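Using the sequences plus the hints, can you model the full thing?
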Amino acid sequence: MPQHSLHAAAVLLLVILKEQPSSPAPVNGSKWTYFGPDGENSWSKKYPSCGGLLQSPIDLHSDILQYDASLTPLTFQGYNLSANEQFLLTNNGHSVKLTLPSDMHIQGLQSRYSAIQLHLHWGNPKDPHGSEHTISGEHFAAELHIVHYNSDLYPDASSASNKSEGLAVLAVLIEMGSFNPSYDKIFSHLQRVKYKGQEAFIPGFNIEELLPERTAEYYRYQGSLTTPPCNPTVLWTVFRNPVQISQEQLLALETALYCTDMDDPSPREMVNNFRQVQKFDERLVYTSFPKVEVCPAAGLSLGVILSLALAGVLGICIVLVVSVWLFRRKSNKKGGNRGVIYKPATKEETEAHA
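The sequence shown maps to residues -24 to -1, 1 to 330 in mature numbering (1 follows the signal peptide of the UniProt record, and there is no 0).
Honestly, the hints are just simulated from the structure, not real lab data. Treat each hint with caution, since some may be false.
Taking lysine-lysine pairs in the PhoX-like style, the calculated list, with each CA pair at most 25 Å apart, reads [to be verified]:
id : residue 1 : residue 2
1  : K22       : K139
2  : K22       : K172
3  : K255      : K139
4  : K102      : K73
5  : K161      : K172
6  : K7        : K172
7  : K21       : K102
8  : K7        : K22
9  : K102      : K172
10 : K172      : K255
Remember, it's a predicted structure, so these values are computed and weren't measured experimentally.
Here it is, written out as structure tokens:
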């Protein structure tokens, strides 16, 4: 082979190698599950990044939190779709996924991040604690992820997924409480996508309604996808305040779906589809709020917290009333003895009574 041909071949080989992703691609047809031979303990065999650095989810606890005053509130553009527009709801065998239009995007980050999809993670009816992120070791009932890609730097989600600053995910912690009509706009259609591969169009609605109150309060850190291939390219925003869904809504999510095809002879329920928390590798989590004390709210609804506060106020009032009553009673006794002077009897009076 001529020398210039060898040189050209070498250059071509270098270009091809340079274009390869940093983590080896998984074998074609590789499958993964949350349990069993293909469960998360085996993910790193086929998806090397799953055993690497910057993995998610993590436990959010006070030792790793640092306030960052530069973290400003995010704004959510194009999140409100009319009922005439439609979302595609899919059972992908791992979760229920809602495909989102790319004109839906986040403002407030260094780049524009356009929406891709949202999905959920949950536990099971006997142990309804299926959030991926935890607060001081405590799980919430479920967790919503809204996934975006950096549309300023990359042409599409596939190109961005394994690149630096490629993805941004909004995470919403979900606790059991009152009925949530916004989440029911998804949950009411779960029976239509019961089995893996099934799809259904549902009416559009305002995705921002799925977010909690006070979205300006959040945790921020660099992490990864929580499912294979676990690319460490995600900018995480975990909202501090949870949303509530009812016990009936949570049960519907935990029991409606299957990981398997409709004709599978061994159907498997879609439960416990959350990854365990990962080592944090001496990273810091930055908070947009100055108070870094973390009080786990999992299992404590707003109603319970208000009831405890009211009980405390009533207890203080009762103590004050009793104290005032005792003080007045003591004062009245002292007042009843006023004007009575003890005078010892004279000798004559003593002898007269003797």
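Here is how each hint holds up against the structure:
1. Taking the CA atoms of K22 and K139, the gap is about 19 Å. The hint holds against a cut of 25 Å.
2. Pair hint K22 plus K172 holds up; C-alpha atoms about 22 Å apart against a cutoff of 25 Å.
3. Between K255 and K139, the direct Cα distance comes to roughly 22 Å. Compliance with the 25 Å bound is thereby established for this hinted pair.
4. The hinted pair formed by K102 and K73 meets the criterion: a straight-line CA distance of about 24 Å does not exceed 25 Å.
5. This hinted pair checks out: K161 and K172 have alpha carbons roughly 20 Å apart, not beyond 25 Å.
6. Our distance criterion of 25 Å between C-alpha atoms is met by K7 and K172, whose separation comes to about 13 Å.
7. Using a Cα cut-off of 25 Å, the hinted pair K21 and K102 is violated, with the two alpha carbons roughly 31 Å apart.
8. Restraint check for K7 and K22: the C-alpha separation of about 9 Å stays at or below 25 Å, so the hint holds.
9. Proposed proximity of K102 and K172 is supported: the alpha carbons are some 23 Å apart, at most 25 Å.
10. For the hint pairing K172 with K255, the CA-to-CA distance comes to about 31 Å; that exceeds 25 Å, so the pair is violated.
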